[in-house]
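Q: With the hints as constraints, model all of the structure from the sequences given.
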Amino acid sequence: MKTQLTVNRTRHEIEADPRVTLLDALRDHLGLTGSKKGCDHGQCGACTVIADGRRINACLSLLAQHDGSEIVTVEGLEGADGLSPLQRAFLDHDGMQCGYCTPGQLCSATAMLDEVRNGRASHVTEDLEAPVTLTRDEIMERMSGNLCRCACYSGIVAAIEEVAAE
Amino acid sequence: MTLEHQIDGPEDEGFARPDGNGPLGADLERRDGAAKVCGAARYAAEHHPDGMLHGVLVRAPGLGPVRLVNADEITAIPGVRRVFHDARMIRNAAQGGAGKAPVQGVKAAAYVGQPVALVVAEDFATACEAANRLRVEADGADLPVHPKAGEPDPDKTKDKTTGDFDTAFSEAAVTLDVTYTTPAMVSAAMEPHAAVAEWDGERLTLHGALQMLRDNKAELADCLGLAEDKVRVLSPFIGGGFGSKLGISADCVAAALAAMELGCPVRVVQSRRQVFEVNTRRTETSQRIRLAADRDGRLTAIGHSARVSNLPDESFSEPVLQGTAFTYAAPNRLLHSELVRIHRPAAGSVRAPGEAVGVTTFEAAMDELANEAGIDPVELRLRNLPEVEPGSGRPFSSHRLAECLTEGRDRFGWDGRSPEPRQRREGEWWIGTGMAAAVRVNMVSDAEARVTLTPDGRALVESDMTDIGTGSYTIFGQIAAEALGLSPDDIDVVLGDTDLPPGSGSGGSVGAASTGTAVWLACEEIRRAIAGRMECAPGNLTMAEGHATCGNDRRVLQDVLSGQPLKGHGKLAPGAAMKKVRQATWGAVFAEVAVSDVTGETRVRRMQGTFAAGRILNQRTARSQAQGGMAWGLGLALTEALVHDRRDGHAVNRDLAEYHVPVNADVPHLDVRLLDEPDDWAGPLGAKGIGELGICGSGSAILNAIHHACGVRIRDLPATPDRVLAGLA
Numbered sequence: 001m002k003t004q005l006t007v008n009r010t011r012h013e014i015e016a017d018p019r020v021t022l023l024d025a026l027r028d029h030l031g032l033t034g035s036k037k038g039c040d041h042g043q044c045g046a047c048t049v050i051a052d053g054r055r056i057n058a059c060l061s062l063l064a065q066h067d068g069s070e071i072v073t074v075e076g077l078e079g080a081d082g083l084s085p086l087q088r089a090f091l092d093h094d095g096m097q098c099g100y101c102t103p104g105q106l107c108s109a110t111a112m113l114d115e116v117r118n119g120r121a122s123h124v125t126e127d128l129e130a131p132v133t134l135t136r137d138e139i140m141e142r143m144s145g146n147l148c149r150c151a152c153y154s155g156i157v158a159a160i161e162e163v164a165a166e
Numbered sequence: 001m002t003l004e005h006q007i008d009g010p011e012d013e014g015f016a017r018p019d020g021n022g023p024l025g026a027d028l029e030r031r032d033g034a035a036k037v038c039g040a041a042r043y044a045a046e047h048h049p050d051g052m053l054h055g056v057l058v059r060a061p062g063l064g065p066v067r068l069v070n071a072d073e074i075t076a077i078p079g080v081r082r083v084f085h086d087a088r089m090i091r092n093a094a095q096g097g098a099g100k101a102p103v104q105g106v107k108a109a110a111y112v113g114q115p116v117a118l119v120v121a122e123d124f125a126t127a128c129e130a131a132n133r134l135r136v137e138a139d140g141a142d143l144p145v146h147p148k149a150g151e152p153d154p155d156k157t158k159d160k161t162t163g164d165f166d167t168a169f170s171e172a173a174v175t176l177d178v179t180y181t182t183p184a185m186v187s188a189a190m191e192p193h194a195a196v197a198e199w200d201g202e203r204l205t206l207h208g209a210l211q212m213l214r215d216n217k218a219e220l221a222d223c224l225g226l227a228e229d230k231v232r233v234l235s236p237f238i239g240g241g242f243g244s245k246l247g248i249s250a251d252c253v254a255a256a257l258a259a260m261e262l263g264c265p266v267r268v269v270q271s272r273r274q275v276f277e278v279n280t281r282r283t284e285t286s287q288r289i290r291l292a293a294d295r296d297g298r299l300t301a302i303g304h305s306a307r308v309s310n311l312p313d314e315s316f317s318e319p320v321l322q323g324t325a326f327t328y329a330a331p332n333r334l335l336h337s338e339l340v341r342i343h344r345p346a347a348g349s350v351r352a353p354g355e356a357v358g359v360t361t362f363e364a365a366m367d368e369l370a371n372e373a374g375i376d377p378v379e380l381r382l383r384n385l386p387e388v389e390p391g392s393g394r395p396f397s398s399h400r401l402a403e404c405l406t407e408g409r410d411r412f413g414w415d416g417r418s419p420e421p422r423q424r425r426e427g428e429w430w431i432g433t434g435m436a437a438a439v440r441v442n443m444v445s446d447a448e449a450r451v452t453l454t455p456d457g458r459a460l461v462e463s464d465m466t467d468i469g470t471g472s473y474t475i476f477g478q479i480a481a482e483a484l485g486l487s488p489d490d491i492d493v494v495l496g497d498t499d500l501p502p503g504s505g506s507g508g509s510v511g512a513a514s515t516g517t518a519v520w521l522a523c524e525e526i527r528r529a530i531a532g533r534m535e536c537a538p539g540n541l542t543m544a545e546g547h548a549t550c551g552n553d554r555r556v557l558q559d560v561l562s563g564q565p566l567k568g569h570g571k572l573a574p575g576a577a578m579k580k581v582r583q584a585t586w587g588a589v590f591a592e593v594a595v596s597d598v599t600g601e602t603r604v605r606r607m608q609g610t611f612a613a614g615r616i617l618n619q620r621t622a623r624s625q626a627q628g629g630m631a632w633g634l635g636l637a638l639t640e641a642l643v644h645d646r647r648d649g650h651a652v653n654r655d656l657a658e659y660h661v662p663v664n665a666d667v668p669h670l671d672v673r674l675l676d677e678p679d680d681w682a683g684p685l686g687a688k689g690i691g692e693l694g695i696c697g698s699g700s701a702i703l704n705a706i707h708h709a710c711g712v713r714i715r716d717l718p719a720t721p722d723r724v725l726a727g728l729a
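So the protein sequences, as listed, match chains B and R. Our numbering applies: residue 1 is where the first sequence begins, and numbers increase by one. Our numbering applies: residue 1 is where the second sequence begins, and numbers increase by one.
Be a bit skeptical, because a hint or two may be false.
Stated by the list, open to error - Straight-line C-alpha distance at most 20 Å; calculated EDC-like pairs for lysine to aspartate or glutamate:
1) Lys567(R) / Asp489(R)
2) Lys2(B) / Asp12(R)
3) Lys107(R) / Asp86(R)
4) Lys571(R) / Asp12(R)
5) Lys148(R) / Asp497(R)
6) Lys2(B) / Glu122(R)
Simulated from the structure, these hints should not be mistaken for laboratory data. Owing to the predicted nature of the structure, the values given are computational and were not obtained by experimental measurement.
A: Encoded structure:
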């Protein structure tokens, strides 16, 4: 079946088996291998992409569900001036080792900062009525859907804190 | 030409040495980092040659003889190319450093979950469907699957006795006799094992997720019956290893067989559940620790016995007592280890095999002894540090444990801690602190590397060495820049290809120091050639800022090269140093925890680790390695346990939803201090391994903090809320 969608500002039409996930479509049909497959079951977050402004696990979503969607993957995070502030901060704080979870961490963090700007509460938010203050605990909670077995959490949190403070 | 060197001792071989002012050791950005944050780094499964087919492994549902019931029906599914049930497929991944095929065969399953077939189809969805529909029957077999039911393997039983343990133990003023257990664990690297195999009729090219390419090439060739020079393995990027990718894995062999038979490239990626079962796990352990001390806390006897397990025909036996052998002095010592043969998925190396579980339990026992004797835990350790290696009497190449303990104590703010548990409460939370020493043996491995100085004044470093997130790309650039007087930006580093000189591979924390020293030797050979051209002694040559200087003769590198590249080839071998001295790395870890009196949950509030691991080659990447190890210690203490079914041994919680690796919210900021100290017994760089040290004891800092917080002593790891709560009741 055919699905039309926009990925990183480029329109694509993909002819694929209806069983194909968004993740496999990105990796195998479009050659955008930046989004990683760590578990294929929504347990690790390595496949996180931004679909219509929200972070999702691309492995838990069928391509066919995304007709008309706008998808941003790690390959689309760079701006006209090069690396995004988060990408730069991950390098400065060594928020990676093997790098396999990194694209998911970056997509997740990018969308997470938008969620905070939009006032969306998390499990650790004290006051559900007030604007969200992005404390260290908030970052840790909101980034816990993205596993990092190298355990670069100290660097990841420091990188996000730095960008959030700008 | 090749410059060969074997490390026999601290002797000055006339090699240049880092002067401490160059790029080596600096806090530099990861060389491969930009590719990783942009999604441009390509891992094994991301190679997609034209006409590639997709293979999915199918596993045995039970033990014993195995049959494929409906292979013909599956082969007839449109898009399915073939069902392989090939005797050359492997039972489980090879052990680290094997260099030959692991156990092969598909006619019977030695453990539940053993791969016995490969379904190959034209697309991934079809391959998955076909693999799901392939019916495999196993006859079942009455085989032991529980360590208590297994028979000890007499070839793997080891005893090491010094003095008279029994008398010393019975006469001591203070004694402790406790048994700890640690569960099976897995590496759970983020990248699943994956292979893309291509066969051109003569030579096999395999993109794999592998840590030790020179061995992996030999293992794969042996599995397939090919000559080694007919196999090329590439792994320029690896999504974490932690031991699970040391040996050739089932996906690689199956993909290669299928590519050779079908004449098309074939990709096989292990599903996450397969990753948990068909590679190697850390064995569960049962450890009895007996300590005897005088009234001042000076140890008079140490007893440590350990039981581990593995499948039949696996050589690996977790060396649980490796750290106990040299950490503390005591005149009477009784070390006993045994391995039982059981039919669970194979055991092998997982980050810091031996010390990760052996030091963790021993350091928890030391905390118990400190309580019994009424001595501060840091002080107890300081009182028992040996002058020479106990038992052998060998000197230490360098011993920095005391400094790690005292500097860590100060940095953490340990002084003023109440010696009694259950003294601090915040709402429902008990607050406490704990500490542990960290030790890990240091090893050296054969390693080669090539460096080419190009006519434009840049340098290229090449080896089949891997970077599994450890920082190999980055530090090799720094080593070559330091040696040749260039900027790291002037260096290119190409790794992960067996057509390049064989490096050490990444395992046992040997990679940075061993292959790094080979890079240094290759540069040394270039330096000698340049000195020859300038007609001066190599010792009088200075290379800095793109110039070579001998006395008053200062030349731009391009002039020295006069349009021709200059190559150096370094070859390192372990030598007598390994026998003459005990070489190790050292550390101390401190932790503060909060334990809920209501739920038994433990939250780690802060952790501090102070480590000495020879010369630090890059502050940033070394710090990350240490933090990673400490977080693994947190997982070992609190969250991680692979559970095996008591009836058939299968792994029950074989995915990332049920096997709990620490997540961001579990891990506080990890403060790391590195004590930089070149070890003269570690070759011209003076560098040692750091990738595993962080896990060797850090878990017990948390367990000890739990006891200090709420008075509950957890001896069966991990300290999950139910276990802590049972102690609080």
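Q: Determine for every hint whether it applies to the structure shown.
A: Hint check:
no. : hint                  : in the structure
1   : Lys567(R) / Asp489(R) : holds, 19 Å
2   : Lys2(B) / Asp12(R)    : violated, 69 Å
3   : Lys107(R) / Asp86(R)  : holds, 9 Å
4   : Lys571(R) / Asp12(R)  : holds, 17 Å
5   : Lys148(R) / Asp497(R) : violated, 44 Å
6   : Lys2(B) / Glu122(R)   : holds, 19 Å
Hints 2, 5 from the list above are not met by this structure, while the remaining hints are.
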